[in-house]
Amino acid sequence: MKWIAASIVTAAGDLESTCDAVRSGRSLLRPHPMYRPRVAPVSARPDAPRSWRFLSSIDQHALAEARSLHRASPMPPRTGLYVATHPLRADWPTLLKAMEHQRSAHDAPHAHGLGRMHPLWMLRYLPTGLQSLLGAELELSGDVATFGGPTSGAQALAAAARALGSGDVGHALVVGADDRIVPEVLVAQEAACGAAAAALLFDGGLDTAAATEALHTWRPGLRATLGDLGSVEPLVACALEGFRQSAGLGRPPP
Amino acid sequence: MNVVVTGVGVVSAFGSGLAVLEDGLRAHRVATRSGPLNEALGVPCVAEVPDGSPGPDRRIDFALSAARECLASASSPDSMLDADATSGSAPGPTALAAHDAILIACGVERAMLPAFDPLWDGTGVDFERAAGATPPLLLRGSVDAPVRAVCEALGHEGPAFASSNACAGGVIALLRAARWVRSGRAERVLCGAADSMIDPMGLGGMLRLGTLSASGVCRPFDARRDGLVMGEGAAMFLVESERSARARGATVWAHVLGGGVTQDAYRPSAPHPEGRYAEAAMRVALRDHDGSSVDYVNAHGTGTPLNDVAEATAIRRAVGEAALVSSIKGAIGHAMAASGAIEIAACLLALREGLVPGTAGLETVDHEIGPLNLVQAPQETPLRRVLCNAFGFGGQNASVLLGTSR
Numbered sequence: 000m001k002w003i004a005a006s007i008v009t010a011a012g013d014l015e016s017t018c019d020a021v022r023s024g025r026s027l028l029r030p031h032p033m034y035r036p037r038v039a040p041v042s043a044r045p046d047a048p049r050s051w052r053f054l055s056s057i058d059q060h061a062l063a064e065a066r067s068l069h070r071a072s073p074m075p076p077r078t079g080l081y082v083a084t085h086p087l088r089a090d091w092p093t094l095l096k097a098m099e100h101q102r103s104a105h106d107a108p109h110a111h112g113l114g115r116m117h118p119l120w121m122l123r124y125l126p127t128g129l130q131s132l133l134g135a136e137l138e139l140s141g142d143v144a145t146f147g148g149p150t151s152g153a154q155a156l157a158a159a160a161r162a163l164g165s166g167d168v169g170h171a172l173v174v175g176a177d178d179r180i181v182p183e184v185l186v187a188q189e190a191a192c193g194a195a196a197a198a199l200l201f202d203g204g205l206d207t208a209a210a211t212e213a214l215h216t217w218r219p220g221l222r223a224t225l226g227d228l229g230s231v232e233p234l235v236a237c238a239l240e241g242f243r244q245s246a247g248l249g250r251p252p253p
Numbered sequence: 000m001n002v003v004v005t006g007v008g009v010v011s012a013f014g015s016g017l018a019v020l021e022d023g024l025r026a027h028r029v030a031t032r033s034g035p036l037n038e039a040l041g042v043p044c045v046a047e048v049p050d051g052s053p054g055p056d057r058r059i060d061f062a063l064s065a066a067r068e069c070l071a072s073a074s075s076p077d078s079m080l081d082a083d084a085t086s087g088s089a090p091g092p093t094a095l096a097a098h099d100a101i102l103i104a105c106g107v108e109r110a111m112l113p114a115f116d117p118l119w120d121g122t123g124v125d126f127e128r129a130a131g132a133t134p135p136l137l138l139r140g141s142v143d144a145p146v147r148a149v150c151e152a153l154g155h156e157g158p159a160f161a162s163s164n165a166c167a168g169g170v171i172a173l174l175r176a177a178r179w180v181r182s183g184r185a186e187r188v189l190c191g192a193a194d195s196m197i198d199p200m201g202l203g204g205m206l207r208l209g210t211l212s213a214s215g216v217c218r219p220f221d222a223r224r225d226g227l228v229m230g231e232g233a234a235m236f237l238v239e240s241e242r243s244a245r246a247r248g249a250t251v252w253a254h255v256l257g258g259g260v261t262q263d264a265y266r267p268s269a270p271h272p273e274g275r276y277a278e279a280a281m282r283v284a285l286r287d288h289d290g291s292s293v294d295y296v297n298a299h300g301t302g303t304p305l306n307d308v309a310e311a312t313a314i315r316r317a318v319g320e321a322a323l324v325s326s327i328k329g330a331i332g333h334a335m336a337a338s339g340a341i342e343i344a345a346c347l348l349a350l351r352e353g354l355v356p357g358t359a360g361l362e363t364v365d366h367e368i369g370p371l372n373l374v375q376a377p378q379e380t381p382l383r384r385v386l387c388n389a390f391g392f393g394g395q396n397a398s399v400l401l402g403t404s405r
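Going line by line, the protein sequences match chains A and V.
According to numbering that gives the first Met the number 0, the stretch in the first sequence is residues 0 to 253, in order.
According to numbering that gives the first Met the number 0, the stretch in the second sequence is residues 0 to 405, in order.
Mixed in with the good hints there might be a few duds.
[Unchecked claim] From the structure, some residues in chain V lie toward chain A, with a derived Cβ separation under 7 Å:
| id | residue |
| --- | --- |
| 1 | 164 |
| 2 | 165 |
| 3 | 207 |
| 4 | 267 |
| 5 | 283 |
Hints in this document: simulated from the structure, not taken from any laboratory.
From the three backbone atoms N, C-alpha and C, an ideal C-beta is built for every residue, glycine too.
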């Protein structure tokens, strides 16, 4: 798994810290105060300018990771952008303010609830917000695709591999984020839940077989250490595998 | 490798089926109407699919209906595709082979607001009650639900993708499908888009954004245009190599001659004012063809003040002033992620039937639009090359060039 640059954030911290935590088998999971599953949240908040305010916190982390790659070395020409969005989840702090006045879906909901929301609130509801800001921040105006759903990370990697393989792009930036520490997820499952954001820049060193192998290599350790990272898990696994290989480290314990 | 479209299925505000879309466009009808939801929100009208499913996620029904019509239309006596299996009852496992792929642009998922009512105690939502509810309480749909439903209905176990590229999604899905076929990574791809945002969250959110027409009339390129009318629907296509299509005796609807995908890299809430990257998407689509060879442009044409001026400028620069230009959003509303796919279906009709759709709602062209060969009422004229634009909120731009031959 050869990437040119990669940057991630998890409960363990950055790429190197996450690799250390997983390889050492040191669990970062802790009890949740309200729900059964143990959790490993990303506690730090990204340094987000005002223009990012309609992204969720974990999407802001993804944008920050991609921006750090760009600042270290500007994105090359003909870089395609492939984004994995997490299954869309409610922005409860905003929605609860609206629902406080909401009576039912067909009882003048706009007057009672939705009308109280910020005019640009809809930007939080649209899946392309992260992609749009990535384009603007990193000055990427070429090939682009955003994928949704629980397998969006794998889909984004596959799309990037296809675009690189066909020569349609010279480089591929794959970005994703997921935060499963939300009520709708926590009430529905027993497994530990985590959060992560990742940005990886590839040239030719990406193929789906290598990405699948990376996921198989790292998934057990990731889940034991950080919980289920959802749609971003394949990206984190690829980042870790590339780091492991470049640093000459051994494989993580099974 | 030449890539062709051999099947098409549509669900639009005119109803289900490509023939229904053709009838509506030929008659220059407007499918917008009013219902209880939009009235409750203070929105004049919407463009709902008539007799659409009352189910919690209408995207699924639209996607299934369009997929079945598409595969049925792609079938032929010598086809590997099983026409009987796609008739609408229970599609069989032979509808797509394992090495075929499915790619559907899915828009946004629906929040089931009524489901929250019993969980709301005045200060918060009791999610533990949701977890224990019988029958299970569905609080939100899943963004990729249409893909999973189509895969299940067709018994498809091969590659399947759910993309979320806002209103450019339908065109981007077709272009990615063409790329996969061209690269040999898939024999055939069932691709398209399905979306519905005619729900309290979707309609309410767009209302807050100020993009909906206060007059209730979508008027693309018109001096009095004041926004879009929310629509819904789906369109699906079967994309394969020309060699594969000829080998199985399939009818070729169109050749995919080129495509371009760009993003504005500008702002999340407004298009680039000069349509610079919309123009770039068209130029990439026309890479192997002269802009003057385009007979017709199906514009994104939302009827919003910002989009139409930027798009007109971009069309003029990339294609010139001679090509016929129209938008069908005045007739069927803006079906969001599905809009580009439904408009590709209109382009296939244009190529096959010589039917250039009119621009419903257009009476007086805004002087800011500038010189453009805008079509107000439907026309019949032979067409060889058509360009279909789809631009997404947040700055995604996609254009596809379709033709009757290479």
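The hints, checked one at a time:
1. For residue 164 of chain V, the interface hint holds, the least distance from its beta-carbon to any beta-carbon of chain A being 6 Å, beneath 7 Å.
2. The closest approach between the C-beta of residue 165 of chain V and any C-beta of chain A is roughly 5 Å, which is under the 7 Å cut-off, so the hint is satisfied.
3. The criterion of a C-beta within 7 Å of any C-beta in chain A is met by residue 207 of chain V, whose closest approach is roughly 5 Å, and the hint holds.
4. Taking 7 Å as the C-beta cut-off, the interface hint given for residue 267 of chain V holds, the closest approach to chain A being about 4 Å.
5. The criterion of a C-beta within 7 Å of any C-beta in chain A is not met by residue 283 of chain V, whose closest approach is roughly 9 Å, and the hint is violated.
In this structure, the one hint that does not hold is number 5.
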